[in-house]
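> Sequence:
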Amino acid sequence: MIVTALTAVFAGSTAVVAPTAAVAAPVKKCVTDANLVPTCGVLWGGAAGGFTSKPRDLEHRNWEKMSGRTATIFHTYHKGDEVFPTKSEIAMTQDPANPRVLLLNWKIAYGSSWAKVAKGEQDARIDAFAKRIKAYDKDVFLVLNHEPENDVKAKKGSGWEAKDFKAMYRHTIQRLEAQGADNVVNVMAYMGNEKWMAQSWWKDLYPGDDVVDWIGLDSYVSVEKGYYHYGKFADLLDRKPKGGGTGFYEWATTKHKGKPIMVAEWGGYHRIGKKTDKSAVYNSVIPELKKRPAIKAIVHFDTKADDQGNRDISINSTPGSLAAFKKLAANPIFNVKLS
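Per mature numbering (1 follows the signal peptide of the UniProt record, and there is no 0): the sequence shown = residues -24 to -1, 1 to 315.
Heads up, none of these hints are tricks.
Straight line, CA to CA, 20 Å or less: simulated EDC-like cross-link-like pairs of lysine to aspartate or glutamate:
| id | residue 1 | residue 2 |
| --- | --- | --- |
| 1 | Lys83 | Asp57 |
| 2 | Lys267 | Asp214 |
| 3 | Lys171 | Asp211 |
| 4 | Lys92 | Asp103 |
| 5 | Lys235 | Glu264 |
Since the hints were made in silico from the structure, they are not lab data.
I would like the entire structure built from these sequences, with the hints used as guidance.
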């Protein structure tokens, strides 16, 4: 710019030299890799209509409209010999205007036990799923028996010990791999509750880095001051074992460094009939994500009544809550394109 102007002056020219327009830096595009890990940004997901008989796909679409953003991760739940992905789940991932990926929860040991699955009792069940998921031919997230802490029976020979979960998980993933189901990206999803994290068997649940693609966390906070688990987004990530110890996020990022973290279920709740604004929780999400680069996906669980029937985890329980959630959903950190 300066050289051009000086040249014009020295040449006796009276022409006015127009400044060159600044070239805008290219916008960095965030995409997913082979394990569905975003190169930048955070995947945005949802599970709506929980603990109701309403169609999950319809509830998911309605939740997207209410929140103002397509929930890239569509979270559904299955057990035993249920045939999935279902037709409606598959259809949800075939909408070019709203790209989505499935997050499939599967309680494979339904009607059996973890120990029996590990010994091969449900191999036909695993193989049937492998055949279906290979035919589906799109990448999927798979959670085997989410929140296993709640199902542990710490009695020798119960078939539901923590070590049995680990064996079940390893057997299932290795068998899926042997069947060529390489479009399955598996997620080990914990409850992250301080009671369970303090149990001597908690460490025995982890199946091993070689069979875990993502580490997941299902955790919630109360918005009623003084009520159980009152707090903000950081509180659900940093709960420590009773008696002291490492918080969940720190544990995952130090003991399993390099593993992406998915908050596979999260939300703010108040007791039914005790409407309380949830804005503080929603407003706290982005600052925490910016401080915690290992978190690569968050999936909100939305329901008017939880499995206990007394907690409202919906985003629209108050007008202020919905406004704050829509602001969160609109953040560009969630602009991730499925590859």
